[in-house]
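Novice: Given these sequences and hints, build the entire structure.
2 protein chains.
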Amino acid sequence: MRQRIDKHRFEPAYAQLASILRNQIAEGVYPPGEKIPSESTISKEYGVSPMTVRQAIGVLTEQGLLDRIQGSGTFVKKLSITESRFELNSLREIFQDSAGTQIKVLQLSLGRADARTAEKLDLSVGQRVILIRRILLRAGRPVMFHEGNVRCDPTRPVVEAELSIGPLSELFTGHCDGSVKKGELELIPTVLGETEAGLLGHAPGTPAFRLEYVVYDFDNAPFGWGWFVAPPEVFRLKTHLGLWE
Amino acid sequence: MRQRIDKHRFEPAYAQLASILRNQIAEGVYPPGEKIPSESTISKEYGVSPMTVRQAIGVLTEQGLLDRIQGSGTFVKKLSITESRFELNSLREIFQDSAGTQIKVLQLSLGRADARTAEKLDLSVGQRVILIRRILLRAGRPVMFHEGNVRCDPTRPVVEAELSIGPLSELFTGHCDGSVKKGELELIPTVLGETEAGLLGHAPGTPAFRLEYVVYDFDNAPFGWGWFVAPPEVFRLKTHLGLWE
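Protein chains in written order, with the working numbering: chain A, 166 to 410; chain B, 166 to 410.
One thing to keep in mind: the hints can contain errors.
Copies of the same chain look alike in the list, so a pair counts if it fits in one copy or across any two.
[Said to hold, decoys possible] Result set (BS3-like, lysine-lysine): computed pairs, CA atoms no more than 25 angstroms apart in a straight line: (1) Lys-285 <-> Lys-403; (2) Lys-200 <-> Lys-243; (3) Lys-243 <-> Lys-285; (4) Lys-347 <-> Lys-200; (5) Lys-242 <-> Lys-200; (6) Lys-172 <-> Lys-209; (7) Lys-347 <-> Lys-285; (8) Lys-209 <-> Lys-242; (9) Lys-347 <-> Lys-242; (10) Lys-243 <-> Lys-347.
None of these hints come from the bench; they were simulated from the model.
Specialist: Rendered as structure tokens:
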């Protein structure tokens with residue numbers, strides 16, 4: 166049975182119409198890829214102005230359900246894997262539960278930049294860097310390994326911030342204190358090496374995510390880089406596509 | 166030198182103010198974590214109404230640069246890795262270049278659901294499924310492997326769609342024709358097995374991404390699941406944080 170628009174309701178007509186059309190799409194009345202009726206057809210069918218129809222279609226286009234194609238009409242959008250995104254906010258839970266979480270610093274030392282660190286931090290090979298290795302434990306079990314390299318400049322307050330083991334919610338954000346202007350992140354599939362595997366209590370060769378970062382200061386100079394490694398049961402990346410109620 | 170608001174410009178005052186504040190944040194005048202001056206202070210300083218200041222702050226809050234904290238003021242947001250997201254749209258380029266791309270079907274057969282497929286597709290073990298294995302080549306080189314399992318129902322048009330090797334932009338979207346209502350995706354670190362490694366021209370054990378999917382029809386029943394595997398040089402997941410000009 167066709168739903169009707171109730172003009173006496175508090176909800177504006179365009180919002181009512183948007184939710185009617187949304188239900189029809191969810192029920193498969195207009196399957197993905199199909200053209201929906203023209204504005205004037207919908208306007209006559211529901212007894213609303215063409216402007217109301219346009220607003221309702223605007224809402225659904227905004228929500229990614231419809232696609233207006235100039236000169237051919239409005240279509241129900243097909244699902245596309247390439248339009249999906251993975252968010253890292255699931256990690257926040259791990260780091261915000263400070264009760265069950267512990268950080269163990271494994272190494273904190275002054276070293277010299279190798280070729281890779283020199284390239285990442287825009288230094289010469291052999292220049293001084295601070296190296297930090299630490300591990301995050303949840304309920305006594307190791308869940309994540311962090312290795313960071315920071316450009317060594319004793320006048321920079323960031324060094325102090327880097328070395329301080331602050332609140333847990335800051336751990337994962339790593340260098341992200343007030344001196345960080347911007348950063349780059351890359352997610353890379355890897356396998357645990359001997360050392361990481363030993364520390365994380367897994368077999369060497371276990372597949373894992375490596376989240377690599379470079380952070381920049383307000384002079385746009387890179388001053389820190391490093392990575393977090395976690396086995397996949399710690400770090401799950403899931404997403405949904407399409408019409409989930 | 167402090168920038169001024171030009172009321173004779175076409176750009177509204179709030180937008181001018183937003184871009185002045187944005188520049189100040191980018192220059193480190195207000196570092197991440199710091200409180201910006203109150204609305205009335207900014208309003209006096211730039212000779213604009215409190216409403217204009219509120220609008221400008223609204224724009225920057227929308228853009229993720231500022232955070233209003235009830236009762237304490239407005240702060241420059243610190244960068245946080247957990248607020249970042251990885252988008253799969255880089256993959257679109259691969260699939261939309263149909264000139265240099267080729268698909269090779271390796272297997273297309275009727276089989277029986279094993280325990281895992283039965284669970285994913287809500288079937289009993291031994292029920293019929295269609296299995297497809299194919300490989301994507303770019304400029305003659307194999308870059309991605311796809312394995313898919315589809316619930317076997319000869320009346321469903323989706324089976325035909327699944328088996329047809331349509332335009333390349335549809336390959337990656339897999340089952341995503343008009344009968345797909347919704348889907349789940351998970352990104353998993355893995356290593357190439359013997360077969361995949363051989364097909365993709367890599368050594369077995371090479372780290373790779375596995376993108377696993379389940380798709381549902383308009384009765385909310387799962388009807389297909391499978392995965393794409395690609396070595397990391399094909400499938401790069403990068404993102405940016407903070408103020409990139």
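Novice: Taking the hints in turn, state whether each one holds.
Specialist: A quick look at each hint next to the structure:
no.	hint	in the structure
1	Lys-285 <-> Lys-403	between (30 angstroms within a copy, 15 angstroms between copies)
2	Lys-200 <-> Lys-243	within (11 angstroms within a copy, 44 angstroms between copies)
3	Lys-243 <-> Lys-285	between (41 angstroms within a copy, 22 angstroms between copies)
4	Lys-347 <-> Lys-200	between (43 angstroms within a copy, 19 angstroms between copies)
5	Lys-242 <-> Lys-200	within (9 angstroms within a copy, 43 angstroms between copies)
6	Lys-172 <-> Lys-209	within (15 angstroms within a copy, 46 angstroms between copies)
7	Lys-347 <-> Lys-285	within (14 angstroms within a copy, 41 angstroms between copies)
8	Lys-209 <-> Lys-242	within (24 angstroms within a copy, 49 angstroms between copies)
9	Lys-347 <-> Lys-242	between (34 angstroms within a copy, 12 angstroms between copies)
10	Lys-243 <-> Lys-347	between (35 angstroms within a copy, 10 angstroms between copies)
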